[in-house]
Amino acid sequence: MITKNEIEEKLVHIYMSQMQELQVGPEQVQQSGIDFSSQHIRLQDVGINSLGFIRLVVAIENEFGFQFDDDMLNVELFETIQQLIAYIEGKVSQ
Amino acid sequence: MKSVTLPVVQPPIYGYQFFAFPLCIVLQDKRSLPWLYSNFIQVCFDKRPDPPVPFTFYIHDYTLNPWLHVEQLQRGTMGIVNRNIVDFVRDCLLEGYYVYLNVDEFYIPERAVYQKSHFSHDVLVHGVDLQNETFQLLGFTDKQMLATTSASFQDFALAYDSIAQIDHQAVCNRIYLYKVKDAGAYEFDLALVQETLEEYLKSSNTSRRFRMVANPWDHCAYGLDTYPCLQDYYERLLAGKASLDVRHVHSLWEHKNLMVARIKYMEEHTDYLTSPNQLRAAYGEIERKARNTRNLMLKFYMQQEEATLHKIMRYLDELAEAEALAIEEFLSVLKRHQPQLL
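These protein sequences, in sequence, are chains A and B.
So the number in the working numbering is just where the residue sits in the first sequence, counting from 1, plus 18.
So the number in the working numbering is just where the residue sits in the second sequence, counting from 1, plus 43.
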């Protein structure tokens, strides 16, 4: 069973790869990395808009081997990164 | 005066910038809401091969609304008035005019095609900084967001001049000047809402309303008849006979989103909706499914999995069926309020 810390680690890796590829997101975030364990980091604070979110979803699905529910393909439902991690945790444990 | 920034707000319709820009300006003032919610009900699908705007709201003229003073020039007129474009746009902004025109985004920083390829695209210039010699331009950025970015006077002039080289058909030859018309007035038009809902339900050609100024657009499908056109597009996409276009289902979602907002507005600001619970719930569900459809198309854009397209097509069928019932319910609710109008 994958742990929450492992999910966080993989998510950081996915996110950083995408940011470098797309050259989006604040430069300081790309340079210093993000503390995804923080309860307060919001997706929009790290440069993820609705299109960027779908890109992230596709990468998460490929990495963790599950499909997002159609209703959850909406960035507005994940105010913080921790909420996204909790959703992934719930799906991989099913 | 070293800089001027004319205000803009995020509009509810942004899939096509020609709709978004006037709304960015007039929706600053809540007095424009009765006009917004009396309009943007009908949709149309252009059935001609490769149209520039395949599917969106039907509006006779996107520049016409009660709070917008509009002046229109041709690019050639700039030669007659003998002004260079930078001086002209600067002076317009200083006088309170937004400037809407096409530029070659090859020269506009923070655009997807910047320094990569030549592309004529519309922008709304809504600010100028005289000290730094920059304009503020609203438009879709390289992050796929409708946002304001800056361009130097020099780059802007290059972007303007380059259009002559790339837009050989001169399809975007016009320069619009927009200015807020404070004296505008418009009351919520219940009859218009009812009539246009009827036209949507019956797939009637709404452009016939304007036949005194233009021949009807018989090349378009309207209202519920646009669903089979959307299905046909996805059939062709599956067969490799159409190019990928997210705008269809984005416009579909914008329409449902605006219908939900319209119902909410009518509930809060009019007494036309008697017992609207069923209607509100039905359109809430339609909006949810349309949003999912749009998001699935974005997913397809990145994954190219055929199964996603099949799901989108199934959702379109379900949306068509649900929306026909919802509009009947909408008309029925309105009829309960004012039966003499139907």
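There's no promise every hint is true.
To be verified - Calculated from the model, a selection of chain A residues having no Cβ within reach of chain B, i.e. all distances over 10 Å:
#, residue
1, 35
2, 58
3, 60
4, 69
5, 105
What the hints assert, rightly or not - Ranges of calculated distance between the beta carbons of each label pair, as one might list FRET restraints:
#, chain 1, residue 1, chain 2, residue 2, range
6, A, 94, B, 318, 41 to 47 Å
7, B, 371, A, 87, 28 to 34 Å
8, A, 94, B, 225, 45 to 51 Å
9, B, 349, A, 107, 45 to 51 Å
Source of the hints: derived by calculation from the structure; they are not laboratory data.
Just so you know, these numbers come straight off a predicted model, no measurement behind them.
Quick reminder that beta carbons are idealized off the backbone N, C-alpha and C, glycines included.
Against the structure, the hints:
No Cβ of chain B comes within 10 Å of the Cβ of residue 35 of chain A; the nearest lies about 14 Å off, and the non-interface call holds. Even its closest Cβ contact with chain B, about 23 Å, leaves residue 58 of chain A beyond 10 Å, as expected for a residue assigned away from the interface. Under the 10 Å C-beta cut-off, the non-interface status given to residue 60 of chain A relative to chain B holds; the minimum distance is some 16 Å. A beta-carbon of chain B comes within 10 Å of the beta-carbon of residue 69 of chain A; the shortest separation is about 5 Å.
Separation of residue 105 of chain A from chain B is adequate, the least Cβ-Cβ distance of about 15 Å exceeding the 10 Å criterion. Our hint of 41 to 47 Å for residue 94 of chain A and residue 318 of chain B is violated, since their Cβ atoms are close to 30 Å apart. The hint said 28 to 34 Å for the Cβ distance between residue 371 of chain B and residue 87 of chain A, and at roughly 30 Å that hint holds. Remark: the range hint 45 to 51 Å for residue 94 of chain A to residue 225 of chain B is contradicted by a beta-carbon distance near 34 Å.
Evaluation of the 45 to 51 Å hint for residue 349 of chain B and residue 107 of chain A yields a failure: the beta carbon distance comes to about 30 Å.
When held up to the earlier numbered hints, the structure conflicts with 4, 6, 8 and 9 and fits the remainder.
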